[in-house]
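Protein chains in written order, with the numbering used here: chain A, 1 to 114; chain B, 1 to 112.
Bear in mind the hints are in silico, worked out from the structure with no lab data behind them. Heads up, the beta-carbon is just placed ideally off N, CA and C, and yes, glycines get one too. No false leads were mixed into what you were given.
In silico negatives: residues of chain B with every beta carbon more than 12 angstroms from chain A:
{"hint": "1", "residue": "Arg13"}
{"hint": "2", "residue": "Gln17"}
{"hint": "3", "residue": "Asn18"}
{"hint": "4", "residue": "Asn26"}
{"hint": "5", "residue": "Ser65"}
{"hint": "6", "residue": "Ser73"}
{"hint": "7", "residue": "Lys83"}
{"hint": "8", "residue": "Leu112"}
Pairs of lysine to any residue, SDA-like flavour, derived with a Cα cap of 25 angstroms:
{"hint": "9", "chain 1": "B", "residue 1": "Lys9", "chain 2": "A", "residue 2": "Ser86"}
{"hint": "10", "chain 1": "A", "residue 1": "Lys49", "chain 2": "B", "residue 2": "Gln50"}
{"hint": "11", "chain 1": "A", "residue 1": "Lys101", "chain 2": "B", "residue 2": "Arg97"}
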Amino acid sequence: AQSVAQPEDQVNVAEGNPLTVKCTYSVSGNPYLFWYVQYPNRGLQFLLKYITGDNLVKGSYGFEAEFNKSQTSFHLKKPSALVSDSALYFCAVRDNTGGFKTIFGAGTRLFVKA
Amino acid sequence: DGGITQSPKYLFRKEGQNVTLSCEQNLNHDAMYWYRQDPGQGLRLIYYSQIVNDFQKGDIAEGYSVSREKKESFPLTVTSAQKNPTAFYLCASNGDRRDEQFFGPGTRLTVL
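Produce the complete structure using the sequences and hints provided.
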């Protein structure tokens, strides 16, 4: 069975500091991994994905994520946080063995303080 | 413009009534999904469909039903059997299995 864990309900960081939002996953095959962001009362917006290849993936708005197969992790990072990055972030996983089933984590609220 | 739409944005229902939430996409995507979002619980998968006339239960399908008669449409019915239906409902779609999902703006359902 697929599952995603986001161990932190909230992450607080000062503007200009680096940020990390953690994600670990479990799938039976190899994973397709995704990060999304949600602003209040809106749908989710895609940030980046890992399908295959280079373990470091770069995405929208300066975000990047590192795929670590041995630790089954896909942490989201940004070198310098902005106040406008404050939002709810979701990690998602899809098993690459054939289906479309996509499971999301519980979400991590990022708060960037000016 | 290509995209995915959900209607209505806000929906109120009395206990014991069924209600249907609309989801339409003009992206020519094969796969469509329904998720339920509750505070602190993230997005939980209700149903998904990989192709027309076929759909699979997600993790919390009890009390819900869907149909996929057209590629563009994937309506969700919240039945009176759903014990706690008040939530924010999100519809999504994607094409290839390697593709990210596109999300609609959501429908907030409140049971009175």
